[in-house]
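Enquirer: Here is what each chain is made of, one letter per residue.
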Amino acid sequence: MHNRRTFLQAVAAASSVSVSGGVIGMWPSGVLAATARRIDLYKVVFDQGHPAAVEFGQAAKAAGLTAQAIGRDVTSLWYDDLYHRWRQGAAAIAGLTPARVAFCLQVLGQDAGLRMVFRAQHTPLSDGRLEHRLTGPSSVLERAALLDSGAGWSRGAAALVGHCPAELSSRRTLALTSVSATGFAFREPLVSWVIAPASHA
Amino acid sequence: MPKTILPPDVNAASFASAIQEFQAAIGNEWVFSSAEDLELYRDQYSFFWDTPEEHLASAALAPASVEEVQKIVRIANRYKTPLYPISTGRNLTYGGAAPVMRGSIVLDLKRMNRVLTVDDKRHFALVEPGVSYFDLYRYIQERNLKVWIDCADPGWGSPIGNALDHGVGWTTGQYRDHFGAHCGMEVVLPNGELMRTGMGAMPNADTWQEYRYGQGAWVDGLFGQSNFGIVTKMGFWLCPEPESFLSGSVYFPRYDDLQSLIEHVDYLENSGVIGVPSFDSPLGTANPGLLAEGLTRTANSDLSELMANGWPSHDQIEAYHKKRGGPAWRLIVRFYGPEETVRGSWTYVKRRIGGSVPGATFEDGKFFRMPLTPEQQAPLHLAYFGIPNLQVFSIVEPEANDNVPLDGHVDFWATVPRTAEGLHGGQRVIYETQRKLGWKTNFNPFSSPLMFYPRSFNIGYSLPSYRNDPEGNRKGLALYNALVNNLAAAGYGQYRSNIYTQEIAAAQYSFNNNSLMRFREALKDAADPNGIVAPGRYGLWPKRLRATHGHGATKKREKI
Numbered sequence: 016m017h018n019r020r021t022f023l024q025a026v027a028a029a030s031s032v033s034v035s036g037g038v039i040g041m042w043p044s045g046v047l048a049a050t051a052r053r054i055d056l057y058k059v060v061f062d063q064g065h066p067a068a069v070e071f072g073q074a075a076k077a078a079g080l081t082a083q084a085i086g087r088d089v090t091s092l093w094y095d096d097l098y099h100r101w102r103q104g105a106a107a108i109a110g111l112t113p114a115r116v117a118f119c120l121q122v123l124g125q126d127a128g129l130r131m132v133f134r135a136q137h138t139p140l141s142d143g144r145l146e147h148r149l150t151g152p153s154s155v156l157e158r159a160a161l162l163d164s165g166a167g168w169s170r171g172a173a174a175l176v177g178h179c180p181a182e183l184s185s186r187r188t189l190a191l192t193s194v195s196a197t198g199f200a201f202r203e204p205l206v207s208w209v210i211a212p213a214s215h216a
Numbered sequence: 019m020p021k022t023i024l025p026p027d028v029n030a031a032s033f034a035s036a037i038q039e040f041q042a043a044i045g046n047e048w049v050f051s052s053a054e055d056l057e058l059y060r061d062q063y064s065f066f067w068d069t070p071e072e073h074l075a076s077a078a079l080a081p082a083s084v085e086e087v088q089k090i091v092r093i094a095n096r097y098k099t100p101l102y103p104i105s106t107g108r109n110l111t112y113g114g115a116a117p118v119m120r121g122s123i124v125l126d127l128k129r130m131n132r133v134l135t136v137d138d139k140r141h142f143a144l145v146e147p148g149v150s151y152f153d154l155y156r157y158i159q160e161r162n163l164k165v166w167i168d169c170a171d172p173g174w175g176s177p178i179g180n181a182l183d184h185g186v187g188w189t190t191g192q193y194r195d196h197f198g199a200h201c202g203m204e205v206v207l208p209n210g211e212l213m214r215t216g217m218g219a220m221p222n223a224d225t226w227q228e229y230r231y232g233q234g235a236w237v238d239g240l241f242g243q244s245n246f247g248i249v250t251k252m253g254f255w256l257c258p259e260p261e262s263f264l265s266g267s268v269y270f271p272r273y274d275d276l277q278s279l280i281e282h283v284d285y286l287e288n289s290g291v292i293g294v295p296s297f298d299s300p301l302g303t304a305n306p307g308l309l310a311e312g313l314t315r316t317a318n319s320d321l322s323e324l325m326a327n328g329w330p331s332h333d334q335i336e337a338y339h340k341k342r343g344g345p346a347w348r349l350i351v352r353f354y355g356p357e358e359t360v361r362g363s364w365t366y367v368k369r370r371i372g373g374s375v376p377g378a379t380f381e382d383g384k385f386f387r388m389p390l391t392p393e394q395q396a397p398l399h400l401a402y403f404g405i406p407n408l409q410v411f412s413i414v415e416p417e418a419n420d421n422v423p424l425d426g427h428v429d430f431w432a433t434v435p436r437t438a439e440g441l442h443g444g445q446r447v448i449y450e451t452q453r454k455l456g457w458k459t460n461f462n463p464f465s466s467p468l469m470f471y472p473r474s475f476n477i478g479y480s481l482p483s484y485r486n487d488p489e490g491n492r493k494g495l496a497l498y499n500a501l502v503n504n505l506a507a508a509g510y511g512q513y514r515s516n517i518y519t520q521e522i523a524a525a526q527y528s529f530n531n532n533s534l535m536r537f538r539e540a541l542k543d544a545a546d547p548n549g550i551v552a553p554g555r556y557g558l559w560p561k562r563l564r565a566t567h568g569h570g571a572t573k574k575r576e577k578i
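Chains as they are written, first to last, in the numbering used here: chain G, 16 to 216; chain L, 19 to 578.
Keep in mind the hints are simulated off the structure, nothing from the lab.
Treat each hint with caution, since some may be false.
[Said to hold, decoys possible] With the C-beta cut set under 8 angstroms, the calculated list includes, among others, these residues of chain G facing chain L:
1) ARG115
2) SER141
3) ASP142
[What the hints assert, rightly or not] For the chain L half of the interface with chain G, some residues (derived, Cβ under 10 angstroms), not all of them:
4) GLU57
5) LEU58
6) ARG108
7) THR111
8) GLY173
9) SER289
10) GLY290
11) PRO389
12) PRO392
13) PHE411
14) ILE413
15) LEU424
[Stated by the list, open to error] Far from chain L by the CB rule (all over 12 angstroms, computed), these chain G residues:
16) LYS58
17) VAL69
18) GLN73
19) LYS76
20) GLN83
21) ALA114
22) CYS119
23) LEU123
24) GLY143
25) LEU156
26) SER193
27) VAL194
All C-beta atoms, glycine included, are put in the ideal place defined by N, C-alpha and C.
Next comes chain L alone, as it looks inside the complex (with noise of 0.2 angstroms):
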C-alpha cells in the first residue's frame, strides 16, 4: 500500500484539520487514515494495483446515521475534501470500494444498515444504504412475509448501491431493472440539505413507496450512476411471493431461426407471460449464465476451425451446423405465479412458437411450488427465485490468457438490440476486437446474452485482471478501451462501466457536440459548486476539476 495521498487542491495541513473535524462529527472510532484500514477501500480486481495509477482513498469515514452524513458534507464543502460515498463496496467486476478519482475520502456507509419497512401487502421495502441483498432477504425470512426481492449476483451487495449503479436481477422484467424498481429517495444534498423525491416531498404522505413520481419535474435518475447526492433512504418494490414456478425449453432446428426465437421471447416478456428468458446454441460454447443450471462448455475442435479466420460466411455456419448436427437454439422460459396460471402459459407458449416454427421441440423443466425447501434450493441458480448467494464465485470461472492465473476480473457489458443482426453485430466487434489485440475468443455466431434488462441484450467479457503483470493488466486496458472505442463506432455501449473506464465510456455519447454531457455539468456546477460529491463518477466532473481529471487526462491514460 503506496503512502497516504491528498486529494487534489488540498495541501497537508487542510487535510488535516478536516480529518480532525470528521472525527469530532462522528467519532474519532469511525474515521480511518491508516494504510491497514485503507487496505478495505481499495479495488480488489485492480488494473493498476500498486501502481501509481492506482486509484487510492486518502481516508474513509463511517458514519452512522443521516445527521452525520449531513455533518461530514458541510465539513467536506468547506476544505474541498471530495466525498465517494459507497454503500457496501462489494461491486468487485465495477471498482468495488476504490474511489474514481484518487484521493478521494470514501463515505463508507455500511454502518446505515436498517431495513426501515417491508410491506408485504403493498408489496415495497424501504431501506439504508447498509443494507445488502443478504440483510433484506434474511429481514423478510425472519417474519415470514410473503415478498421475494429480485438480487444482484452475488447476493452480497447492497439494493441502493446496486440500484443507482443501474444493477440487474434475475426474476421478471419489471423486477431485474433495479433502478427501474425503485419507488422514492432520501438525498443529502452537496450543500448538505436534506431532500425527499416523489411523494417523500409531501409531508405526511404514506404513498412515497408506492407513488414515485409526486409532482413536477423527476429527478431520481440524477442520483443514478452520478454525484448529485448521497442517497441515504431508498424504496423499492417487491415481488408478491409467487405460488410457484414452471421452466421448459424451446429447440429450435435452424441457425436463421434465431431473430424468430427472439420476436417470440420480446412478445412473451413484453406481455407478461413469462420471468427473466435465456437462450444458447449446443453448437457453441456456454452462455455463463447459464453455467449454473448444469450446461457445460461444448467448445469443439469444428467449432475452433470454423472461428480460426474470421467470422464466418452464413454458408460456413450452415455447413458447420450440418456437420454437428441437432438443434441450433435453446430457449429457455421461466413462469412464476399459481400453478394452474404458470401451466397454462407453457401450454400456450408451445402452442405459439409450434404454430409458426416448423420443426421446433419442447421439453418440460422443472415445476416447484413456493417456498422453495432447502433440498430443493440445492442444485437451483437461486437468483432466479429471489434468493441472494455467493454461487457466481464457484460456478464461473473467468479465463486468463495464456493460463496465466488471474487475480480478479473486470467486467464489460455491452448493450445490444433484441435482434438477431444487433446481436450478433455487437458479437464480431468483439471478437474481431480480441483477435486484432491477439486475445483468445470464445465468441462467435452461437454465442447468447442475457437478458437483464427486459427491452436489451447484454453481451459481455471478463477481462482478467493481475496482482503481480502489469503487462497483463496493461494488455486487459488496452482491450477494454479497444472494445469500448469499437462498439461505440458501431453504435453499442455499456450499461455500467468500472472506476478506470468511466470516462472513456461517458465520452462516447457524444450527440450535438456532447450536449448531455454539457447539460449534466451544468447542473453539477449548480448542485455542487466545490465538487465534492464523487468527482468524476461516470465522466462527469467538477468545474475546477474538470481540467486535470476530465477526458483529456483519461486520453492519456488510454495510450498506457
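So that you can see chain G by itself, here it is in the shape it has in the complex (with noise of 0.2 angstroms):
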C-alpha cells in the first residue's frame, strides 16, 4: 500500500491505451486529437448536485468511461470502493467536482502513489463569464484553449480528462475565460482534474 516510491519509479510503465476516442460533444478537432498514450482512467466522478458536473460526466459516460454520481461526502467512494482498488495497485481517477471534494481524494490517492496531474477550476465571475485556471501537462492545456467557447465547458472537460496522455510533458499552467457560466454556479469553485500514479506528474 505504502510503496510510494515504487510507483514513483515504475507506474509509467502500467499505464495502458483504453480510453474510447469517441467524439464528446461539438469541439474543434484538435480538442479530440488521438494520443499516444492515455492514462488508464478507472473511474471517473461528478458531482450529482451541479449540472456543470452531471453533464460532464453524462459525457464521460458517452465517451465509454465509467462514470459514477457521488455527493459531496466522499466517504463510501473511498472506504468501499477506491480503498480496495488501490490495494491492488494505482488506478488513475478523474472527476468534476466541488474543490474540496477533489481536495479529499487527491489526498487519500497519495498513499496510493497517486498524484493530482490535471487540475482546472472553474469559477463564476460578477459578468456571468467563466474563468479557468489550469494546470498540467502542456499538451493537455494547449488542447483546453481550444475549448474556449460558448459551448458548455463541462463536456469539454470531460473529453480534456478523457483524453489525458499519458506521457505527461512538464506542468504548466494556464488561464482561460468562456463566455457563459452556466451549469457552474456554485458557492464554491467546481474542478476539473486527474488524480493518477506520480510518475505521471
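Reassemble the complex: the two chains are provided individually, in unrelated frames, and hints are given to aid placement.
Expert: As C-alpha cells, then:
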C-alpha cells in the first residue's frame, strides 16, 4: 500500500490505452486529437448536484468511461471502493466536483502513489463569464485553449480528462475565460481533475 | 516548491552524508529528498504558502519498523539533523505533515501501520502510528469485534497522532479525550533507546493496556504535544459496543436559563448519565458541530442589527428575544447503552430538568439498536457512533472574509470554563477582536460551544488561508495572534495550536516567570542534548536553537 517509491519508479510502465476516442460534443478537432498513450482511468466521478458536473458525467459515460455520480461526502467512495482498488495497485481517477471533494481524493490518493496531474478550477465571474485556471501537462492545456467557446465547458472538461496523455510533459498553468458560467454557479469553485500514478506528474 | 533547504547548523556536505546513512539504514526508496516527493510534506493550509517563511522539510524518511526508527535516531544524533515525526500527517488545520521548524527531516511513520491487538473482551487496542481511524475501524468490522472506537473528525487521522496532539472525539466523556483514553506507550527516546511506559516496563506483564501507571513517576504526558521521543506503539481503551442509542432535545425558554442548562449538563455528563451533549440557540447562528444534524444557519437581520454596534446589553438581548420569540436554548442529550437504561435515563433527564426549569419542553430524538444498518447510517453524523468518516468536508464550510474563495483554513479553539459567564466571556473576546481587526464575526450572545472535553467548553473559529493571497494570509495570522493574546489576557487558552502559532500560544503559560517552560527545557536538555526530536514543537526548543528559534523569533514574525 505504502510503496510510494515503487510507484514513483515504475508506474509509467503500467499506463495503457483504453479510453475510447469517441467524439464528445461539438469541439474543435484539435481538442480530441488522438494521443499516443492516455491515462487508463479506473473511474470518473461527478457531483450529482450540479448541472455542469452531471453533464460532464454524461459526456464521460458517452465516451465509454465508467462514470459515477457522487455527493459531496466521499467516505463511501473511498472506504468501499477506492481503498480496495488502490490496494491492488495505483489506478487513476478523474472527475468534476467541488474543490474540496477533489482535495479529499487527492490526499487519500497520495498514500497509493497518486498525484493530481491535472486540475482546472472553474470560477464564475461577476459578469457572467466563467474563468478557468488550469494546471497540467502542456499538451492538455494546449487542447484546453481550443475549448474557449460559448459551448458548455463541462463536456470539454470531460474530453480533457478522458484524453489526458500518459506521457505527461512538463506541467504548466493556463488561465482562460469562456462566455457562459451556466451550470457552474456554486458557493465554492467546481474543479475538473485527474489523479493518476505519480510518475506522470 | 522552493529549492532544497537545509536544517539549521547543518552544511550541505554533512546533510548529504546523513542522507547516505539514512539510505543505508532503511533503503534508498524510503528516503525522500526530491522536490516532487517533498510536496507531500507541505502544510496544505499554510498561511505562508510559497514564501520564505513556509515550514518546509529538507527531506523525509519512511521507516518500516521500530529498529529502523532507532537507526535513524542514532544517525540524526551524529549529524544533528532534526527529525519531525508524523503519523499520517492529516491534521490539516494544525499543519498537516509539515514540521514546526523549517528544514527538519520529516519522519513519516505511515508504513508502521499494524493493528497489533484489539481485545473486545477487555476492551482495548494496541496500534502503531501509521494506523488510521479508518484502518482500526475496518479491522474491527472485518472481525466482527464488539467494540467501538472514538474517532476524530475527519477519520483519516491516526489514533496515535491525534491523541499525542490532544485531539478529541464525539462519543462519551471517558473516550472523547483521546490522550486520556490511552493506556501504555512504546517510545524511541532521543538517544535511540527503546522504552515502554506503565505496565509495559515490566517484562511479561499482560496488563500494559489495562493499567496505565505501573509504578513511580508516570511520564506518558511528556510525549503529548511535545518532543521527548518518538512514539512507536500506543494502547487505547475502547468502548464496548452499546446495545442502543437514544437522543433527545430539551428547550429552555429564557435567555437566562443558560447557566441552569450548563449545570444540568455538567451533572448529567459527570455522573455518566449522558454521552456527548451539545447545545445551541434557535435565536443565533448554527453551531458548526451540529450542522450534520440538519440544523441550518439562522442568521437574520434582527441579529445583525443587535450585533452591529458592539456586544449587546442584557436588556437588548431580552428585547431581541422577545421580538423573535420561541425558546432561547436547545440542549441535545445522547445516551448509549441498553434500551432499558437509555430510555430510563431520558425519563430521568425530563424529570430532573422539568422539575427545576419552568417552561422547559422536551422532544424525543432518534433511537437505534446497534449495529446501525447502512440505511440508518446515511443521514447521521457518524462520529457520534464511532464510525470514521469524511463528512466534515461536505458539511462545514469555513467562511472566507470578503467572499474570496479560500484554499484552506486554520482552526482556532479556545478552552473556556463551563459557565455562562465563561462562555460569554470567551465569545466576547473573539467578537471584539474580530471587529477591531476588521473581520466580520458570527459570534453573538447565542453562540454555543462544542463539548469535546468533558470538563470544559471549546469555542472555535476557522481562519481562511490562501495560496495566492499573501495579504489575506497576513490578516489571518494577525487575527490568530491577536486572538491568542487577547484570550490569554482574559484567562482563556487553546487546547492545541497550529505549527505556526505554537510558540506564541506556549508563551501564554507564563506563571512564575515561565516556570513550566523552564522545567520542560531542563528535561529537554537532559533527554535530547543534541536537540534532534521535533525542535520547537509546542514552543519547546533545544538549547542550541533557543536563541535563534525561540520566542524572540516568533515575536518578530508576529509583527509581519
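Enquirer: For every hint, state whether the structure bears it out.
Expert: Results of checking the hints against the structure:
1. ARG115: It holds, given that the least Cβ distance between G/ARG115 and chain L is near 5 angstroms, below 8 angstroms.
2. SER141: 11 angstroms, violated
3. ASP142: 16 angstroms, violated
4. GLU57: With a minimum Cβ separation of about 8 angstroms from chain G (threshold 10 angstroms), the hint on L/GLU57 holds.
5. LEU58: For L/LEU58, the interface hint holds, since the closest Cβ of chain G sits about 6 angstroms away, which is under 10 angstroms.
6. ARG108: Holds, because the Cβ-Cβ distance from L/ARG108 to chain G comes to roughly 7 angstroms (cut-off 10 angstroms).
7. THR111: Violated, about 13 angstroms.
8. GLY173: OK, holds: L/GLY173 within 10 angstroms of chain G, min 8 angstroms.
9. SER289: 34 angstroms, violated
10. GLY290: 31 angstroms, violated
11. PRO389: It is violated, given that the least Cβ distance between L/PRO389 and chain G is near 16 angstroms, above 10 angstroms.
12. PRO392: Interface hint status for L/PRO392: holds (9 angstroms vs cutoff 10 angstroms).
13. PHE411: At 5 angstroms from the nearest chain G Cβ, L/PHE411 passes the 10 angstroms test, so the hint holds.
14. ILE413: Where the cut-off is 10 angstroms and the nearest Cβ of chain G is about 8 angstroms from L/ILE413, the hint holds.
15. LEU424: 9 angstroms, holds
16. LYS58: With a cut-off of 12 angstroms, G/LYS58 remains clear of chain L, as the shortest Cβ separation is near 17 angstroms.
17. VAL69: The assertion about G/VAL69 holds, with a minimum of 17 angstroms to chain L.
18. GLN73: 23 angstroms, holds
19. LYS76: Correct as stated: the minimum Cβ-Cβ distance to chain L is 24 angstroms, above 12 angstroms.
20. GLN83: Nearest chain L Cβ is 16 angstroms from G/GLN83, so the label holds.
21. ALA114: 8 angstroms, violated
22. CYS119: 5 angstroms, violated
23. LEU123: Given that some Cβ of chain L is not farther than 12 angstroms from that of G/LEU123, nearest at about 7 angstroms, it is violated.
24. GLY143: At about 17 angstroms from chain L, G/GLY143 clears the 12 angstroms cut-off, so the statement holds.
25. LEU156: Correct as stated: the minimum Cβ-Cβ distance to chain L is 18 angstroms, above 12 angstroms.
26. SER193: 18 angstroms, holds
27. VAL194: The claim holds: G/VAL194 sits with its nearest Cβ about 21 angstroms from chain L, beyond 12 angstroms.
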